[in-house]
Amino acid sequence: MKNLHLILLFLLIGIFAFATSEGTETYTAEDAPWDDGTAVLHRWNLSAKWEFLSLQKADSLGVYQEIFNEFSPSGQFKETGLNPDTKYQYRLVAYNKERSDSTSLFSETTTQQQWFAMNKLPLLILLVIVCSSVLYYILSARKGKELFIRRISGLDSIDEAIGRATEKGKPILFVPGISDLGDIQTIAALNILNQVAMKSAEYGTEILVPCRFSMVMSAARETVKDGYLKAGKPDAYKEDNIFYVTDDQFGFVAGVDGIMLRELPAANFFLGAFWAESLILAETGFTTGAIQTAGTGQPHQLPFFVVSCDYTLIGEELYAASAYLSRDPQQLGSLKGQDFGKLLTIILILAGIIAEIAGLGWFKNFFEGVF
Amino acid sequence: MAELMKTIGIWLSAYFTLSIFSFLYKDNPFYKLAEQIFVGLSAAYWLVYTIYNILIPNLFNKLFTDFANNWILLIPMVLGIMMLMRMFPKLEWVSRYPMAIMIGTTAAIAMLLSFQSDFLSQIAATIVNPFKFSSPVDIVGTILIIIGTICGIYFFYFSKKPEGFYKIPSKVGIWFLMVSFGASFGYTVMARISLLIGRLDFLLRDWLHIIK
Chain A
1 MKNLHLILLF LLIGIFAFAT SEGTETYTAE DAPWDDGTAV LHRWNLSAKW EFLSLQKADS
61 LGVYQEIFNE FSPSGQFKET GLNPDTKYQY RLVAYNKERS DSTSLFSETT TQQQWFAMNK
121 LPLLILLVIV CSSVLYYILS ARKGKELFIR RISGLDSIDE AIGRATEKGK PILFVPGISD
181 LGDIQTIAAL NILNQVAMKS AEYGTEILVP CRFSMVMSAA RETVKDGYLK AGKPDAYKED
241 NIFYVTDDQF GFVAGVDGIM LRELPAANFF LGAFWAESLI LAETGFTTGA IQTAGTGQPH
301 QLPFFVVSCD YTLIGEELYA ASAYLSRDPQ QLGSLKGQDF GKLLTIILIL AGIIAEIAGL
361 GWFKNFFEGV F
Chain B
1 MAELMKTIGI WLSAYFTLSI FSFLYKDNPF YKLAEQIFVG LSAAYWLVYT IYNILIPNLF
61 NKLFTDFANN WILLIPMVLG IMMLMRMFPK LEWVSRYPMA IMIGTTAAIA MLLSFQSDFL
121 SQIAATIVNP FKFSSPVDIV GTILIIIGTI CGIYFFYFSK KPEGFYKIPS KVGIWFLMVS
181 FGASFGYTVM ARISLLIGRL DFLLRDWLHI IK
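Chains as they are written, first to last, in my numbering: chain A, 1 to 371; chain B, 1 to 212.
Be a bit skeptical, because a hint or two may be false.
Said to hold, decoys possible - BS3-like mimics (lysine-lysine), calculated; alpha carbons at most 27 Å apart, straight line: (1) K342/A x K364/A; (2) K6/B x K238/A; (3) K120/A x K87/A; (4) K143/A x K160/B; (5) K342/A x K161/B; (6) K230/A x K170/A; (7) K342/A x K143/A; (8) K90/B x K225/A; (9) K171/B x K160/B; (10) K132/B x K364/A; (11) K168/A x K32/B; (12) K230/A x K160/B; (13) K145/A x K167/B; (14) K170/A x K32/B; (15) K161/B x K143/A; (16) K171/B x K342/A; (17) K233/A x K6/B; (18) K238/A x K212/B; (19) K342/A x K160/B; (20) K161/B x K145/A; (21) K342/A x K26/B; (22) K168/A x K230/A; (23) K170/A x K26/B; (24) K160/B x K145/A; (25) K168/A x K225/A; (26) K161/B x K171/B; (27) K6/B x K212/B; (28) K49/A x K97/A; (29) K168/A x K26/B.
Note that these hints are calculated values from the structure, not bench results. Computed from a predicted model, the values in this text were never measured in an experiment.
Kindly produce the complete structure, drawing on both the sequences and the hints.
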């Protein structure tokens with residue numbers, strides 16, 4: 001009986017609290033959780049009679065300046081770009097339709113830096129899972145486990161292209177993109193260059209590598225030299241064949257076009273990051289009759305390579321190329337680990353869609369870093 | 001004098017524009033001259049640009065005017081000098097260290113960025129309940145995005161031979177890719193035509209004054 005009374009009392013308090021809360025207008029400004037102390041989270045709940053709002057922040061002189069004014073009866077706004085460990089004062093002013101009546105609500109908060117950015121937690125978890133799978137496959141490959149990789153036709157053509165250049169007694173042209181060494185596509189292109197240089201050294205075919213940036217040229221020289229060393233022909237390496245043209249995008253293209261027309265390479269490789277010049281390069285190569293292999297991770301340039309080159313490595317294939325060509329267990333293991341990541345992506349997307357249909361919003365929120 | 005220089009500039013621009021256009025016929029001395037001047041001038045321009053817009057303001061000025069707060073810049077300066085060691089055959093090996101740092105840092109940064117944008121954001125953006133929309137167009141559009149994304153990812157899955165059942169998502173994936181390439185091709189061709197119009201406009205308006 002005593003318990004029943006207590007339950008009834010709680011129910012009454014609850015109903016009373018709910019009834020009074022409907023009419024209560026609230027506004028709070030709080031330090032955004034789990035961040036670097038540069039954001040404040042504003043939350044408000046206004047009565048139905050207001051139709052405009054003005055969220056204001058006090059400046060150094062104490063004068064309130066508007067920072068947000070999109071009205072909604074209840075809502076939140078995340079203010080960013082603030083200084084950590086600083087006290088801020090705010091005022092929320094709500095007006096009626098005619099702006100003849102208004103109410104002001106005040107709040108203040110101090111921004112604080114947190115040790116961890118919890119919205120990055122899903123990134124950390126997935127990074128650990130995928131990196132672990134890469135390590136697992138690398139270790140498996142090292143232990144001698146056979147790793148299957150399906151055929152990639154664009155890469156099988158590389159041998160054919162080098163063979164054709166050898167038959168014709170013409171050089172090979174390799175353009176490692178027009179981006180600097182700070183682009184992962186350039187690094188992927190240099191990995192392929194190593195394999196192409198090795199094969200061209202084996203066949204005794206000259207390789208020309210025009211570069212847009214000095215850093216790429218230096219790295220390309222090291223890469224080609226290494227390829228010639230691996231092929232056991234270090235004396236055949238010619239440093240002058242890997243050269244700088246110009247930093248200017250279209251100046252570089254004009255120079256490479258000239259090389260294609262005058263040197264008439266039998267095989268052209270355009271691998272790496274390309275922009276507006278992709279079609280100019282590939283079309284010029286096409287007119288010289290060279291067998292052309294292109295590959296880039298730039299989605300907008302792929303169509304031009306697809307229409308004007310014999311083989312095109314689409315996006316991810318560019319990054320897989322080095323492992324595929326070298327059959328190096330370490331690189332193959334890394335590729336298999338990345339494949340696991342792709343499979344995981346597909347599974348998570350499917351599971352997420354099912355969860356969304358079932359009304360379980362937390363699944364998607366997790367990937368958006370909202371907890 | 002200014003007018004004369006402007007006229008000379010327009011005539012030179014017109015000459016080089018026509019020389020570059022002559023490549024459409026075939027390689028010829030006019031194109032060769034224009035190409036060599038273009039390459040040479042642009043290389044020289046970027047050399048001067050790098051010195052005056054990057055090295056002097058970002059390195060030398062900061063080091064000479066406020067060394068105490070910018071001493072950290074000594075690290076990239078030393079790395080840059082190490083790169084120059086390539087010029088001396090006996091010290092060539094020194095240049096491999098800055099290169100290794102550059103490649104390693106690039107790979108690490110790119111991995112994090114692509115994990116965030118290509119992996120996490122892609123997953124979050126594709127997790128959509130297609131039946132939450134009221135319009136049939138939105139429902140079909142969302143379903144197509146889901147199928148296209150999943151099949152597109154599967155196309156780049158290298159661990160399984162695309163045969164039998166596994167051939168279907170791979171084929172669907174490449175169809176989606178080709179359709180997007182076609183749309184992208186058309187869009188870019190339109191942009192290129194506008195560049196051509198820009199050059200023709202220069203020739204006909206500024207040079208020949210045919211268009212007023």
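Checked hints:
1. Note on K342/A and K364/A: the hinted pairing holds, with a Cα-Cα distance of about 18 Å set against a maximum of 27 Å.
2. Of the supplied pair hints, the one linking K6/B and K238/A is violated, its CA atoms being roughly 46 Å apart against a limit of 27 Å.
3. Of the pairs offered as hints, the one joining K120/A and K87/A holds, with about 26 Å between alpha carbons and a cut-off of 27 Å not exceeded.
4. At most 27 Å may separate the alpha-carbon atoms for a hinted pair to count; K143/A and K160/B meet this at roughly 21 Å.
5. The suggested pairing of K342/A with K161/B holds, with an alpha-carbon distance near 15 Å, which does not exceed 27 Å.
6. Distance check on the hinted pair: K230/A and K170/A sit about 22 Å apart at the alpha-carbon level, within 27 Å; holds.
7. With a CA separation close to 24 Å, the supplied pair K342/A and K143/A stays within the 27 Å bound.
8. For the hint linking K90/B to K225/A, the alpha-carbon distance of about 16 Å falls within 27 Å, and the restraint holds.
9. This hinted pair checks out: K171/B and K160/B have alpha carbons roughly 14 Å apart, not beyond 27 Å.
10. At roughly 15 Å between alpha-carbon atoms, K132/B and K364/A fall within 27 Å of each other, so this suggested pair holds.
11. About 25 Å separates the Cα atoms of K168/A and K32/B, which keeps this hinted pair within 27 Å; it holds.
12. Between the alpha carbons of K230/A and K160/B the distance comes to roughly 31 Å, so the proposed pair goes past 27 Å and is violated.
13. Proposed proximity of K145/A and K167/B is supported: the alpha carbons are some 26 Å apart, at most 27 Å.
14. Between K170/A and K32/B, the direct Cα distance comes to roughly 22 Å. Compliance with the 27 Å bound is thereby established for this hinted pair.
15. The suggested pairing of K161/B with K143/A holds, with an alpha-carbon distance near 24 Å, which does not exceed 27 Å.
16. Pair hint K171/B plus K342/A holds up; C-alpha atoms about 17 Å apart against a cutoff of 27 Å.
17. The suggested pairing of K233/A with K6/B is violated, with an alpha-carbon distance near 56 Å, which exceeds 27 Å.
18. A C-alpha spacing of about 55 Å is found between K238/A and K212/B, which places the hinted pair above 27 Å, so the restraint is violated.
19. For the suggested pair K342/A and K160/B, the alpha carbons sit about 12 Å apart, so the restraint of at most 27 Å is met.
20. Among the hinted pairs, K161/B with K145/A is consistent with the structure: their alpha-carbon atoms are about 18 Å apart, no more than 27 Å.
21. At roughly 46 Å between alpha-carbon atoms, K342/A and K26/B are farther apart than 27 Å, so this suggested pair is violated.
22. Taking the CA atoms of K168/A and K230/A, the gap is about 24 Å. The hint holds against a cut of 27 Å.
23. For the proposed pair K170/A and K26/B, the alpha carbon gap of about 21 Å is at most 27 Å, so the pair holds.
24. With a C-alpha separation of about 16 Å, the suggested pairing of K160/B with K145/A holds against the 27 Å cut-off.
25. Restraint check for K168/A and K225/A: satisfied, since their Cα atoms lie roughly 24 Å apart, inside the 27 Å limit.
26. With a CA separation close to 12 Å, the supplied pair K161/B and K171/B stays within the 27 Å bound.
27. The hinted pair formed by K6/B and K212/B meets the criterion: a straight-line CA distance of about 18 Å does not exceed 27 Å.
28. Using a Cα cut-off of 27 Å, the hinted pair K49/A and K97/A holds, with the two alpha carbons roughly 8 Å apart.
29. For the given pair, K168/A sits about 23 Å from K26/B by alpha-carbon distance, which is consistent with the 27 Å threshold.
Violation of the numbered hints given earlier is confined to hints 2, 12, 17, 18, 21; the remaining hints are satisfied by the structure.
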